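Given chain F, put chains U, E and V in place with the hints provided.
There are 4 protein chains.
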Amino acid sequence: MSYNTFGRVFRFTTWGESHGPALGVVVDGCPPGIALSEADIQPYLDKRRPGQSRFTTQRQEPDQVRILSGVFEGRTTGTPISLMIENVDQRSKDYSEVAVAYRPGHADYAYDAKYGFRDYRGGGRSSARETAARVAAGAIARLVIPEVTITGWVEAIGHAPILYSRFDAAEIDRNAFFSPDAEAAAQWETLVDAARKAGSSLGATVTCEATGVPAGWGAPLYAKLDSELAAAIMSINAVKGIEIGDGFAAALATGEANADPMRPGADGPEFLANHAGGIAGGISTGQPVRVRAAFKPTSSILTPVETINRAGEAAEIRTKGRHDPCVGIRGVPVVEAMMALVLADQKLLHRAQVG
Amino acid sequence: MSYNTFGRVFRFTTWGESHGPALGVVVDGCPPGIALSEADIQPYLDKRRPGQSRFTTQRQEPDQVRILSGVFEGRTTGTPISLMIENVDQRSKDYSEVAVAYRPGHADYAYDAKYGFRDYRGGGRSSARETAARVAAGAIARLVIPEVTITGWVEAIGHAPILYSRFDAAEIDRNAFFSPDAEAAAQWETLVDAARKAGSSLGATVTCEATGVPAGWGAPLYAKLDSELAAAIMSINAVKGIEIGDGFAAALATGEANADPMRPGADGPEFLANHAGGIAGGISTGQPVRVRAAFKPTSSILTPVETINRAGEAAEIRTKGRHDPCVGIRGVPVVEAMMALVLADQKLLHRAQVG
Amino acid sequence: MSYNTFGRVFRFTTWGESHGPALGVVVDGCPPGIALSEADIQPYLDKRRPGQSRFTTQRQEPDQVRILSGVFEGRTTGTPISLMIENVDQRSKDYSEVAVAYRPGHADYAYDAKYGFRDYRGGGRSSARETAARVAAGAIARLVIPEVTITGWVEAIGHAPILYSRFDAAEIDRNAFFSPDAEAAAQWETLVDAARKAGSSLGATVTCEATGVPAGWGAPLYAKLDSELAAAIMSINAVKGIEIGDGFAAALATGEANADPMRPGADGPEFLANHAGGIAGGISTGQPVRVRAAFKPTSSILTPVETINRAGEAAEIRTKGRHDPCVGIRGVPVVEAMMALVLADQKLLHRAQVG
Amino acid sequence: MSYNTFGRVFRFTTWGESHGPALGVVVDGCPPGIALSEADIQPYLDKRRPGQSRFTTQRQEPDQVRILSGVFEGRTTGTPISLMIENVDQRSKDYSEVAVAYRPGHADYAYDAKYGFRDYRGGGRSSARETAARVAAGAIARLVIPEVTITGWVEAIGHAPILYSRFDAAEIDRNAFFSPDAEAAAQWETLVDAARKAGSSLGATVTCEATGVPAGWGAPLYAKLDSELAAAIMSINAVKGIEIGDGFAAALATGEANADPMRPGADGPEFLANHAGGIAGGISTGQPVRVRAAFKPTSSILTPVETINRAGEAAEIRTKGRHDPCVGIRGVPVVEAMMALVLADQKLLHRAQVG
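Chains as they are written, first to last, in the working numbering: chain F, 3 to 357; chain U, 3 to 357; chain E, 3 to 357; chain V, 3 to 357.
One should not assume that every hint holds.
Unchecked claim - Think about it this way: if two alpha-carbon atoms lie no more than 25 Å apart in a straight line, the pair counts; the simulated SDA-like pairs of lysine to any residue are: (1) U:Lys199 with F:Ala259; (2) E:Lys322 with V:Glu258; (3) E:Lys199 with E:Asn177.
As the list claims (entries may be wrong) - Computed spacing ranges between beta-carbons, pair by pair: (4) V:Glu75 with U:Ala184: 24 to 32 Å; (5) F:Ala313 with E:Ala37: 20 to 28 Å; (6) U:Glu149 with V:His161: 35 to 43 Å; (7) U:His161 with F:Leu304: 37 to 45 Å; (8) E:Pro45 with F:Asp48: 48 to 56 Å; (9) V:Gly267 with U:Ser98: 52 to 60 Å; (10) V:Ala37 with F:Gly270: 23 to 31 Å; (11) V:Ala275 with E:Gly118: 20 to 28 Å; (12) U:Arg56 with V:Glu75: 33 to 41 Å; (13) U:Arg265 with E:Pro148: 38 to 46 Å; (14) U:His161 with F:Gln62: 44 to 52 Å; (15) U:Glu149 with V:Gly118: 15 to 23 Å.
Unchecked claim - Short derived list, chain E residues pointing at chain V, Cβ under 10 Å: (16) Gly126; (17) Ala158; (18) Ala252; (19) Gly288; (20) Thr309; (21) Gly314.
Quick caveat, the hints were computed from the structure, so don't treat them as lab data. The model shown is predicted, which means the values in this text are computed figures rather than measured ones. Just so it is clear, CB atoms sit at the ideal spot from N, CA and C, and this is done for glycine as well.
Looking at chain F on its own, in the form it has when it is part of the complex (with noise of 0.2 Å):
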């Protein structure tokens, strides 16, 4: 597997930075004969466009993916799909400053540590714009399992988070923050006012669950079906932690309270429980998959903070430039894009071995 590339058999790669003429993805392994057009993907990429609210950064991109091989007569065809998105909206000389200092939390210093140099406009390849070519990806993937189902919210936005009592899946698409509970929603907003209006940032937590994964995609060991949702969705920008069911709370528990019962129900087995966020030994079982994402503040803040720059020399730097003043919020459509990225592979993988 290759720096750019994930998936075993359903696998794509992507490119671009984030000041480039363009960005993109090619998605290879896509069975043929799926119904395909640009209007599948649209409305993924939509969902994650920055500009559409003042909670996001204020650039506009309007996103619009081009298909420029592998569907004929509109459908796939077996080949692969390249998706191109041209960017519009760079500004490159909100970036001189830094060109020359590394912004703490951002990937710049170790970008140079590693690479001697590297493309500074809004982080280069390093920015979150390359996760549109991931929702993109997803937007095929998800043509692969219509048989899923996948639903990503915002849990939490700094301490302030929803409440499952209030849960409204419906809600999720009504407000700019992919909360299902619309009093989070409006605390949010304060919330993420003050914070973008202070220069400051804040974190957040985003779940997301498929259903209709039917028992036994995944592997006993380093194709786990958890082992790759971690991979996958720990490659998003910002993430910094990953839970799959109960996660860190299931070390707290005692294998009673954690068990997850079963019985025979009318379609097969029943579970009392899904304290494994439907993953055993690396397989689903046929419950709900639930994978939860823990993602940092935006690093760019108007607070200066103290640095050095590329000459080794003390610093000081306020990122200025356009920003989402919670990152966690776009998060949400890309990490759907990951659920259905590895989901769609694990299905294929699953085929190819147990037919």
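Chains U, E and V in isolation, oriented as in the chain F frame:
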């Protein structure tokens, strides 16, 4: 990448079941000329070995490793290194009930759903015995990264955490719990004993730190150091959560609180904090790389749990046999091994691209 | 490794169909800091470009390459390099008949058998137009291995071979056939003209040599240099045979006749022969690496051939459209590109393992 | 893909040196539920086993295979299958001279150039003994593709080919040469005897055919069936050339002569010829898949050859020890095995993408 292989250029492939004649691992891509004998591997296996205290399973396995290839006149040749560990103390009769009824929390049901049948003896391939192969491979990985020191410890068992004010690295190997806090170890003795006697089990969290990792290992996207660590550690049996640096706590922080400011130091840049756990943008920063893993409580408990049998009928199961009351404890050498394996791979991968 | 990706650490993924809007390639794993612009790639595309003489297809494609990512201020950044070439002169109407009846020797029937349908325009993905993407990637590969010089030539068209006694490397780029023998080129002019006018086609053999490859690239087994070259070159459209060094002639030789004796030389070992084609045990010896490829005659001919249509009924087909009367000719830059791509990958892979 | 692993979803990893304690292979991705015991593998190893006639090396190896994992109650479980073969008849003293001087035609010099030193006993990892592991893995691959029959034979030794007019498949296993032509076998007896007595060696060509491969296996580009076969077979020791179907003869043909016309048949399409060797555009056509491999003469000969020693000084070497006078003969079961391994992998890969 394959079902039972991990790594990109320094790769390993494990094989073997809990109650088969042996288990093993093939390490491929190891650089040539490294001094290697069984004596370099055995201490790590001994650390992981069961039956050493009453707090782990009473299965008695000597876990003697044998090098079958890849070493000539005491040095690695650059060809694949095959390691084998014979199983000695298999008691398959313990598992007669398991053959029929699914143990909740175990891979039993998912395996049958995937493969149609399974080696039910001791969990077969899904047994934590497989981790012996990882630990053996990890010992070789450590020799590939002599500049790095990897240290893991149990941070909490159930609701009882260590206190970092009492942290003493030298203490870790002095107690049966890999606890850096002697007082916590004493407390855990009571706790684990009680769970063991009750036929119950406990969860735990394990922290692992790698010092000496230079800035620049990792990659911008899908070979990200954090993504690789997440995949590697989430693939360990019973792990349900992963954090890099502050992990989920970062989701509660503001950008100011989460910053890792830098300043010029005597030997290059100095960081004033390490919320990021030594990784920015998927690439090491030169700070200690720090990960945390949540281990769920052992699923094997004596309390009867509602379940179904292979025919789909209602059943009840109490999991007898020999089990760890807290699998997280013996997870410490396994997490260390996975960290070593990922770092060795990333070192060679970095060398491939950057020289 | 994926369906449309080649390489281990220096990898490329191609996409695009003959009559789609564009084709392209993503090069991943390229070392950072290499000077790169379109001007480094275009000359190789121009060499492969159709429509330059009457001996190749008359499709007019400017094959202008555009770098979309991975380069900043004129140097590679270490991130994926996306290259795109727009298709300009597609005439899809030529292919109406092909949509229905299978062209013997083409991928038509096999594609339909695999995927259930296909993009029949110009062969879709199986068109030799895809090789433009390889040639573009190969131009970047050459920059990764500046110590190596790669030179290919046509060795024979049909039954008319060059004479090595007349070999003149400078002649290769002076004629329309990449012939190092001016007399052979003159002879081929008549031969290919006759085939073209008759609507027939001719096979060819292409030889390619890499000088400057140091001893030590390659691997003992499945990443063997010869195995990789065989895979790479056999993946080119119309190639049906591969030889390393003496190839099939070695099967006729005795051990004495086939030996490549060595003696001490001024700059290290000297070899007295190169029957092995510069590779022993899968690893380069420091001699020129030499491969030979057999290109079958173009399957598109004007003589009617018995075939079947999509319904499985008897049919007859004459392949109109614009075709190369001898695809082997334009195979030269493609074989060169594949050799560069394999050698660049092996260089980096060697660096990974051995440093 | 790794240095010692081959395959995409049905993968195998070999390990072991000529004079180590054992050699083996881990087969990963095998479908579950396939009946498998040592008795399914041993006959293929016996066919490849040395010391069975005076025409092969006199090293006596029982080559008894042992299954160490992946099989439960006589059926594959879907987990990795580890196979081990112990080395019994190593005579390392034979190789003292080899430790110092490089044997031309062998991997000695290239290995030292790559790794800095090598296991010189019997060629270490570059010994053809490694092919026992492939043959064992190939026996499992055959069980994955019961619809396919694979038959290989020696087509020529030195300048003495079989006559296809005398081809008798039943004859192949009746003589020591895998010859389908009894008269050729008789002739080879004299030929190989003479070479053996003279301490010389002979090259050979091996042909291998797979019948029963359905149309549709393979892929348009870098997982092309022909590309995979070329990689697999070129990775066998001493192979220097590969042909698919007519191979190099196709380069001499016109498009008309090289066409494989089709017509409707009783059970689907019928082909009137098979110049293509059963593969078009990288995908199987349903015709027999046919490959041909050129084996160079054994490099180990008794005639002194000019060489250098490790210090770079002039030397002369006669290769004593026990060697095959014509390695191509025992190449037959190895080519068969590689073909089975590639086809099994392609079958599963096809299933992954197309279902």
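Each hint tested on the structure:
no.	hint	result
1	U:Lys199 with F:Ala259	17 Å, holds
2	E:Lys322 with V:Glu258	14 Å, holds
3	E:Lys199 with E:Asn177	20 Å, holds
4	V:Glu75 with U:Ala184: 24 to 32 Å	49 Å, violated
5	F:Ala313 with E:Ala37: 20 to 28 Å	24 Å, holds
6	U:Glu149 with V:His161: 35 to 43 Å	58 Å, violated
7	U:His161 with F:Leu304: 37 to 45 Å	40 Å, holds
8	E:Pro45 with F:Asp48: 48 to 56 Å	42 Å, violated
9	V:Gly267 with U:Ser98: 52 to 60 Å	55 Å, holds
10	V:Ala37 with F:Gly270: 23 to 31 Å	28 Å, holds
11	V:Ala275 with E:Gly118: 20 to 28 Å	26 Å, holds
12	U:Arg56 with V:Glu75: 33 to 41 Å	34 Å, holds
13	U:Arg265 with E:Pro148: 38 to 46 Å	40 Å, holds
14	U:His161 with F:Gln62: 44 to 52 Å	49 Å, holds
15	U:Glu149 with V:Gly118: 15 to 23 Å	21 Å, holds
16	Gly126	8 Å, holds
17	Ala158	7 Å, holds
18	Ala252	4 Å, holds
19	Gly288	7 Å, holds
20	Thr309	5 Å, holds
21	Gly314	6 Å, holds
Checked against the numbered hints listed earlier, the structure breaks hints 4, 6 and 8; every other hint is satisfied.
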